[in-house]
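Chemist: For reference, the chains in residue letters:
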Amino acid sequence: MGVVTISRRAALTASGGLAAAALVGLRAPRAQGAPVRIGELNSYSRMAAFSVPYRNAMQLAADAINRAGGVMGGRPLEFVFRDDGATPGDAVRVAEDLLTRENCAFIAGTFLSNVGLAVADLANQRRRLFFATEPLSDALTMAQGNRYTWRLRPNTYMQTRMLTEAARGRTARRWGIVAPNYEYGQSAAANFKRLITASIPNAEIVVEQYPALGRVDAGATVGALNQARPDAIFNVLFGPDLTAFVREGNTRGLFERRLVLSLLTGEPEYMIPLGDECPEGWIVTGYPWEQVEWPRHRAYVEAYRARFNDTPRKGSLLGYVTVEVLAALLNKANSLDNEALIDALRDLRTETVTGPVTMRGIDQQGTMGTWVGETVLRGRTGTMRNARYVDGAEVMFPEAEVRAARRSA
Amino acid sequence: MDAGFLLVQSLSGLASASSLFIIASGLTLVFGVTRIVNFAHGSFYMLGAYMAVTVVPWLLEIERSPWLFFVGVLISAAVVGLLGVAMELLLLRRIYKVPELFQLLATFGVVLMVQDAVLKIWGPVDITGPRAPGLRHGVEIMGQRFPAYELFLICAGPAVLGALWLLMHRTRFGVLIRAATRDREMVGALGVNQAMLFTGTLFLGAFLAGLGGALQIPRVSASAQMDLSIITEVFVVTVIGGMGSVTGAFLAAVLIGQLQAFGVLVFPKITLVLVFLLMAVVLVVKPWGLLGKPEPAAGRATLPEGILHPRGFALPEKLLAALAVAAALAVPVFGDAYAVKVATEVLVFALAAFSLHFLVGNGGIVSFGHAAYFGLGAYASGLLVVRLGVPMEPALLVAPVAGAAFAFLFGFFVVRLSGIYLAMLTLAFAQIAYAVCFQWVEVTGGDNGLVGVWPSAWATSRHVYHYIVAAGAIAGIVALRHVIYAPFGATLRAARDSAPRADAIGIDVRTHQLLGFTMAGGAAGLAGGLYAFSKGSIDPTMLAIPMSVDFLAMILLGGIQTVMGAVVGAGAFHAIKDIFMPLTDYWRFLLGASIIALVLLFPRGLGGAFASVRARVAAEPARA
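These protein sequence lines are chains A and B, in that order. Counting from 1, one number per residue, gives the positions in the first sequence under the numbering used here. Counting from 1, one number per residue, gives the positions in the second sequence under the numbering used here.
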């Protein structure tokens, strides 16, 4: 890390209460009274690589909070975890189940953007809070935003902007884009096209490839990119597609002497499968958990590793921060009335293991940030170097744009 | 574009084609001999990859030699072959006598179980296998670098083709495979041990799928989603080539490989739909694929799969039906909010499944793409509401019209075919419709779909909407049931049982089938519209393959020989899913296991089981 300022570190140390307290077994009053139930639906079966570490961290955080006295003056926090079936149809039914039969105060979670949007619309219809965690689609807080839907994680626009700003001062003029052919890929590509010229004024897009999600024909795609001879590449592929693309690109020399910006590649979820194929020197967003020196974050990492005998993933961080924000929300609102909760969420600021997070009121988007750095191969696994935490607050949608987008919604 | 680039691009296409062919050849052989459309073929491919990423690194620890790499690949393929044998012995052997569609459903149960088993055994993280020693580098071809391993793959496809040719023409086993592909009954009549033949074929098929998967590990990582992403593509290859024809599969694989390699240059965004367009065109022009032959049994009178003797409701059935309707109507009074929600969904699916049953059970038209009409109905309503601000009532009326219109359009081509080719053409049209909904972002909202499809103000409560759905679904089911008993339904059954004879007595088979197809599409469209308003959103998963498979599973669970089976099946399927999903992350395993258990216990479905109980009860006094 090393780039974190002293004042920030001090602030974090001072506020680093909960996780550390839980670790040393500080004798706090145990939570009593009726539990506050929160419905959490996610693709636990289809997207297990992400969502299982996510659920683990949520349980870890909830237990820590309950040991320290719970929320709302002593009530324990309880999550009801449900699989959303990874389709909007199933997810909407499960969400209704959580809200009606399981008596959850509100719902949180979801992974896929289409699932997140469908649940968000249900929340709007039923006037219940939906705290979206993982879906990245800009639409969730912009064009299709509604009063009842809030999102924690940096959206596609924010993460793309972190990368294009990291490319400032580079001279690459001719760019190629490769993105999976669905909303996330398309909107990342669209964001990239309008943001890159802010960093490199004479940039032009010379080739675009949109392979179908999960079935990239890597040879043909790499060939098509190579043929256009771009100076630099913006990559949005992830998961199995990324592995196939990187292998083919490495063998065919696609990445030699080329700048590559790549979304999400630095997250352990995608780094671990890449193994020793991890390319060197890509500028990526990710989560180099072992390099984060903030005491509060270190305490969470140690607690996570001790309990689950596994290294944390990006999903773990997100799950942990989610619970911290929700606990702060419940304490502030001190009510389960959903309208009161939403008013309390507006500009709610929480100290979390990833620093202060504010739920910005205007677009209902959290300022949780992420790390930007270069990929590097250490031994047989890839990691990041020169990683720098970019606070989400620095790369949010401009307020005028939010107003225009949400007015039309 | 220079020649070097074009050459390398077409080599990339050939490498993909080779891999595709190795997998597809297994599927086409298994289909040729057993007539089973083996959904689990993709699972074998996935297992091959997972085996290889486990076995090969272990062997390479001993010595990093290319030979050990390929030994590991062959071991993995052989293990998968043995799994294929296990599936044949434990499952398929018990159900050769049941309708072919049931076998398909059973293999789909295997798919679900394998998915979760893989997650359990290998964990959710994708596993990247080692590259082949000695083939890691790139080869310079006319100024372009090309992976050496892919050059090897390009040779592997034709090598497998050659080996299969030798097997088929120079060994007794191969001769029997060819004979069984031509005429299975004749082979049985000549005294060939069919059990051995089938087991051997399953081994060969699974071996080839496993080989295809194992050979992929230097290119792609083993992941739990690779089964379903390959299976549709492999279906397309086998159908374009002609089911049962290995050489045809090779030709088709080359065609598709090249189409994709050059397709990404011209249409980088519509790669999804290109292969299905190709399949639709091929089937319209050549109904049995490039090198396929008309099914020999087509002209022979076989026991039809479907409704045999539609009997009217006797007293017990009348009571049961009345009870079911009363229960559906009473749910909002006695059940909680969630029970209402589930009951609404069951009614919607009952209508959709019944409309498919109308096609499959009564018309003998097996549609693998029925979700298309369901989804298109939903999109028609949803788009009217969201884009044009039309209220719910007229939008809901448009849903069946849209479903019927598209069914008429697609059906015009579909009814020209028969059997598995017909089914695959319905699948192709469904996939094209899916791709359009997925890609036409400006109108359909792409994969995110559209939200805000809620009922009018007076109908927003779950209870009121439940009654709307109940009215629509029950009216639709009663109407279709009436058609089954009407002369039109009998005509469809005649056409199903013997098209030539129906033709001979003056029935215009195609027109009747097209009309039946249109009616079923209309009913499915209505179900889709009702579904959209209950969910508040529309998105492409509503017309995706899993939805079509769900519908098929419903009618098969219910039993395709009884008229009302589909309704029971819809309820049962939904109940199983609803019970298992909250229980565990491994709910797909339980869902698959229950499907297989139901297929084994009730080979004629729940409706069939009820019918036989009724028959026994009716026969009891006579014996006494």
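Hints were generated in silico from the structure; no laboratory data involved. Keep in mind that the hints are not guaranteed to be accurate.
FRET-style restraints, in silico, Cβ to Cβ [unchecked claim]:
id, chain 1, residue 1, chain 2, residue 2, range
1, B, W440, A, V206, 20 to 30 Å
2, B, P66, A, P201, 16 to 26 Å
3, A, D343, B, S456, 55 to 65 Å
4, A, G69, B, K269, 31 to 41 Å
5, B, P582, A, R307, 17 to 27 Å
6, A, E302, B, S456, 33 to 43 Å
One-sided excerpt, in silico: chain A residues whose CB lies under 8 Å from chain B [said to hold, decoys possible]:
id, residue
7, Q209
8, T251
9, I272
Going by beta-carbon spacing under 10 Å, a handful of chain B positions derived as facing chain A [what the hints assert, rightly or not]:
id, residue
10, A15
11, G138
12, A222
13, Q225
14, F334
15, R416
16, S418
17, R501
18, D503
Where a beta carbon is used, it is the ideal one built from N, C-alpha and C, also for glycine.
Chemist: Does each hint hold? Answer for all of them.
Modeler: Verification of the hints:
Under the hint 20 to 30 Å, the C-beta atoms of B/W440 and A/V206, about 26 Å apart, fit the expected range. As the Cβ distance of B/P66 to A/P201 is approximately 50 Å, the hint placing it in 16 to 26 Å is violated. At about 30 Å, the beta-carbon gap between A/D343 and B/S456 misses the expected band of 55 to 65 Å. Between A/G69 and B/K269 the C-beta distance comes to about 54 Å, which lies outside the given range of 31 to 41 Å.
B/P582 and A/R307 have their C-beta atoms about 25 Å apart, which keeps the hinted 17 to 27 Å range intact. A hinted range of 33 to 43 Å for the beta carbons of A/E302 and B/S456 is inconsistent with their spacing of about 56 Å. Proximity of A/Q209 to chain B holds as hinted, the smallest CB-CB distance being about 5 Å (cut-off 8 Å). Interface hint at A/T251: satisfied, since its Cβ lies 4 Å from the closest Cβ of chain B, which is below the 8 Å cut-off.
Here the hint on A/I272 is kept, as its CB sits about 6 Å from the closest CB of chain B, short of 8 Å. About 6 Å separates the beta-carbon of B/A15 from the nearest beta-carbon of chain A, less than 10 Å, and the hint is met. Annotation: B/G138 was flagged as interfacial toward chain A, and the flag holds, the nearest CB pair being 5 Å apart, inside 10 Å. A hinted interface residue such as B/A222 counts as satisfied when its beta carbon comes closer than 10 Å to some beta carbon of chain A; here the least separation is about 8 Å, so the hint holds.
Here the hint on B/Q225 is kept, as its CB sits about 6 Å from the closest CB of chain A, short of 10 Å. At about 15 Å, the closest approach between the beta carbon of B/F334 and any beta carbon in chain A exceeds 10 Å, and the interface hint on this residue is violated. At about 29 Å, the closest approach between the beta carbon of B/R416 and any beta carbon in chain A exceeds 10 Å, and the interface hint on this residue is violated. With its C-beta approaching chain A no nearer than about 30 Å, B/S418 sits outside the 10 Å limit, and its interface hint is violated.
Residue-level restraint check for B/R501 is violated (minimum Cβ-Cβ distance to chain A is 43 Å; threshold 10 Å). Because the closest C-beta pair between B/D503 and chain A is about 42 Å apart, greater than 10 Å, the hint is violated.
Violated hints, listed in ascending order, are 2, 3, 4, 6, 14, 15, 16, 17 and 18; each of the other numbered hints is respected by the structure.
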